[in-house]
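Construct the complete structure from the given sequences, taking the supplied hints into account.
FYI, in the working numbering the residues of the sequence shown are 3 to 405.
Note that these hints are calculated values from the structure, not bench results.
Don't be surprised by glycine CBs; every beta carbon is placed ideally from N, CA and C.
Any given hint might turn out to be false.
[Unchecked claim] Here are the simulated distance ranges between beta carbons:
1. Gln301 to Glu116: 35 to 45 angstroms
2. Leu275 to Ala345: 17 to 27 angstroms
3. Gly83 to Trp121: 27 to 37 angstroms
4. Glu116 to Leu261: 30 to 40 angstroms
5. Val215 to Ser256: 39 to 49 angstroms
6. Leu369 to Gly83: 14 to 24 angstroms
7. Glu143 to Val215: 20 to 30 angstroms
8. Val215 to Ala186: 23 to 33 angstroms
9. Glu143 to Arg117: 20 to 30 angstroms
10. Gln295 to Thr187: 33 to 43 angstroms
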Amino acid sequence: MAVTGSAATVLVLAQGVEAGIGIVNALAGVVFAIAFCWRLDQIRRAGWGLQPLAMMVAVASLTVAFVVVDETVASTLNTRGFEGLSRVAFYALLAIGVAALVVVFFFPDRVSRERRAGWEALPLVAALIGLQITMLVIPEEIRTETISEWTVQNWGFALFMLIASGYLTYGFLACVNSVRKFYATADGYLRVSLGLLMAGLGFLALGAIAQIVFVAVSATNVARSPWLVTTNRVLAIIGVVSFLLGISYPMVYSRVQTLVANRRRRRLDTELLPLWRLVTGAVPEVVLPGTGQLSPTTQLHRRVVETRDALTQLSPYLPPVFEYAQADVQVRLLRTAVAEMRAAADGSGNKISGAVRDLAPADGEGLEADAAPLIRLSEELMATEGAEVASVGRSAEDRDPGL
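Shown next as structure tokens:
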């Protein structure tokens, strides 16, 4: 039978939403799996605690939940267990994940996070028991059917969906309330992440509310509202996407920042190399033994430490004027000091003794601020070497009559 008019439009929209849900479910499963691995790594680095543990439980539960909705997995569960097990498992895992998120996002005030976790166990256990009991009273032929005006006519099915949607609504709204408090004090990338999380959780809560309204009005035959099912699915897609962006943003931001910082520090290490070669050539004992491949941060830190150590050893050969002279003058004085120290080392010059002092003070806190004055010296060293090479080349051209 052909479907025309507004009914055809609704059918096409529903099919599009179904396709979108499939794509989002697959994407969500992948992202949650990556997030789970990332959380395990964070716990390995920072140690255990209630909040990291709750976050790991949340991510693990949500990951498995999106695996359970796969047709093959759902069919296996229903065959090996009982008809409807996949639906119970899906909503149970969602409930566990949301309960864990409530603990993760809980904003401590007069109640500790540990006590809140204990309180959350009560509604969670009640919801899980309710889901199991109501599924057993639903006729087997409709246990795995999609929610519709026909299926909710069965009170067992309707009660199952009300329990599932009711608990999810409570959990999502509790998370939104807690995230809102963190959002008010956050800034930078964390504020962006929390904003996306809050929006995603809010849309998911609205979707669950739409499903509750649909079940209530359809089960009691108050009104026909099939559009609420589509609304619920659209809101769920938007919510899941926003939530995934929210939990992924810190990971992506951290990775991008690490890549940018590594690239910048490789460049700084290369720029520091001329000065390092000059001063460590005079004081080779400051160079630490090689330890294999080093990260860009460790390599730059090591280069800065060795350069500063060598400058400290050279300081008795440098006059006090070095500390406030221009960079080009500092380079000339440094070359002279290196030459004198080498001469003293091979016996062709006199060794100068005196108190050592720190040279080229850092511009501020942090590794890059510590490296900045050394890099300026290194750049000036390169510039003067280039000028000297050009000058020698011009002199050779002037002396060569054949040119």
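To see whether the hints hold, each was checked on the structure:
no. : hint                                 : result
1   : Gln301 to Glu116: 35 to 45 angstroms : holds, 43 angstroms
2   : Leu275 to Ala345: 17 to 27 angstroms : holds, 25 angstroms
3   : Gly83 to Trp121: 27 to 37 angstroms  : holds, 31 angstroms
4   : Glu116 to Leu261: 30 to 40 angstroms : holds, 38 angstroms
5   : Val215 to Ser256: 39 to 49 angstroms : holds, 40 angstroms
6   : Leu369 to Gly83: 14 to 24 angstroms  : violated, 57 angstroms
7   : Glu143 to Val215: 20 to 30 angstroms : holds, 26 angstroms
8   : Val215 to Ala186: 23 to 33 angstroms : holds, 31 angstroms
9   : Glu143 to Arg117: 20 to 30 angstroms : violated, 45 angstroms
10  : Gln295 to Thr187: 33 to 43 angstroms : holds, 41 angstroms
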